[in-house]
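Colleague: Sequence:
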Amino acid sequence: MIQRRLLLFVLLFTTILINITLLNAQSDEDEVEIIEVEQGFGAEKGFWQVFFTAPTGSRDSADYVGGIDLQLIADIENARGTLDIAAFEWNNPLITEAVVDAHERGVQVRMVVDDEHVLEEYEDAELFDEEAPFGDIVDADILFVDDDRGALMHNKFMIIDGSVVWMGSMNYTINGTYRNNNNMLSIRSRRVAEAYQVEFDEMFGDGEEGEFGPTSPENDTNAFNVDGTSVQVFFASENDVITPLIETLLTAEESIHFMTFSFTRDDIGVALIDRAYSGVEVQGIFETRGSQTAFSEMPRGYCAGLDYRQDGNPFTLHHKVFIIDETTVITGSFNFSDNATESNDENMVIIEDADLAVQFMAEFERVWETGEYPEGDDVVCDNARPNTSPWDGRASDFTCPDTSATCGDLTCAQAFACLREGNTRLDGDGDGVPCASVCGF
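All the letters of the sequence shown, read from the start, carry residue numbers 1127 to 1567 under our numbering.
What the hints contain is simulated information worked out from the structure, not anything from laboratory work. There's no promise every hint is true.
As the list claims (entries may be wrong) - So the derived label-pair ranges between C-beta atoms look like this:
#: 1; residue 1: Arg1415; residue 2: Glu1257; range: 25 to 33 Å
#: 2; residue 1: Asp1250; residue 2: Pro1343; range: 41 to 49 Å
#: 3; residue 1: Leu1376; residue 2: Asp1535; range: 19 to 27 Å
#: 4; residue 1: Asp1555; residue 2: Arg1492; range: 20 to 28 Å
#: 5; residue 1: Ile1160; residue 2: Val1324; range: 27 to 35 Å
#: 6; residue 1: Pro1343; residue 2: Ser1530; range: 41 to 49 Å
#: 7; residue 1: Glu1257; residue 2: Asp1189; range: 30 to 38 Å
#: 8; residue 1: Pro1343; residue 2: Asp1392; range: 27 to 35 Å
#: 9; residue 1: Arg1317; residue 2: Asp1255; range: 25 to 33 Å
Quantities reported herein were computed from a predicted structural model and do not represent experimental measurements. For glycine and all other residues, C-beta sits at the position ideal for the given N, C-alpha and C.
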């Protein structure tokens, strides 16, 4: 009897120790760890790793060492079965060497590339006897398919062994790694990898011709729970990416921060103004080139009083990122433009993880610090730009006093509130901005 009780006690004690060990292991997985990168920034937690470039503005190629491409290369070197690559641009020699090495050790390597920015550039380099790393891919007899069309195969993702996806804004180039502001996200999830695999297989097709753009097969919304974290995956232009993007922005209650290379979609621009005039803090950084044109959303938002800056990188701000309430991240290859929406091949993820958002907010702050507000006549507003940000008002400023009110009775913020409550008469031209006489943008 005593021996039986002792045995039960030992079993109970052992079970408790195992549970404590498992809990500690789970706790360790839930903690964010910094990944040291010589020229860049990195962090990891659970199923994800995230990396950001750290451009110095140098034009000296001798300074281009220790970048975040080495993190991707380390994963390529660990590939054992398959490596599928979708690349808009390609000239990074170290990534090229890692891919060729994988092929030579027996990994099945397949590539989908943009015809103009990879294949034609390689052919032009060959014509003029110039160095072209993609030539090493061709010489190694690695299978590749190009999109052979006017629109862009704009993806930048890799699938390794059907279980890991690398995606983000970074092209596989020297500029992408060392000159431009970019991000890369590694997602270790077979379900996410399967979603990307379906998209890759559509484009790769039979190895000679694939399906691209808006006429390629539509995919159901890929929404996953990965270790308790919501992950949504979207592919354009065959699927509606704009609606879930805007719907996510409209959930913002406290803040929206963004970094953008190309932002020309009026519906997204109006959604940000709507949130700002609902009391949500909105801050954004635009790639300077093209940001002051009539097509850009920078002038409209800036003239509406939103906190918009132009980037300070002498090369390129290349992010395509939204951070909502510092808890949700939107990123990928998807620029906020008509071409991305209607013509190109693109990918985008929406991940609800406050720890991941912290990393993207740190990148936002780094880029924001070097940015500048438009100067002088760079942006000409129809009406005087508000002296204070829209979200600095009182709570009553963001409510509709009377749903039957006319524009002459309302402030701009109140007009937005009344429009949200159904007074569509305030938006005579249907552009999403009410009361042009009051809002003036």
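Colleague: Compare the structure with each hint and give your call.
Modeller: Right, here's what the structure says about each hint:
1. Arg1415 x Glu1257: 25 to 33 Å: Holds, at about 27 Å.
2. Asp1250 x Pro1343: 41 to 49 Å: violated (33 Å)
3. Leu1376 x Asp1535: 19 to 27 Å: holds (25 Å)
4. Asp1555 x Arg1492: 20 to 28 Å: This hint is violated: roughly 39 Å between Cβ atoms.
5. Ile1160 x Val1324: 27 to 35 Å: Given range 27 to 35 Å: holds, Cβ gap about 34 Å.
6. Pro1343 x Ser1530: 41 to 49 Å: This hint holds: roughly 47 Å between Cβ atoms.
7. Glu1257 x Asp1189: 30 to 38 Å: About 19 Å separates the Cβ atoms of Glu1257 and Asp1189, which means 30 to 38 Å is violated.
8. Pro1343 x Asp1392: 27 to 35 Å: Check passed, 29 Å falls within 27 to 35 Å.
9. Arg1317 x Asp1255: 25 to 33 Å: violated (46 Å)
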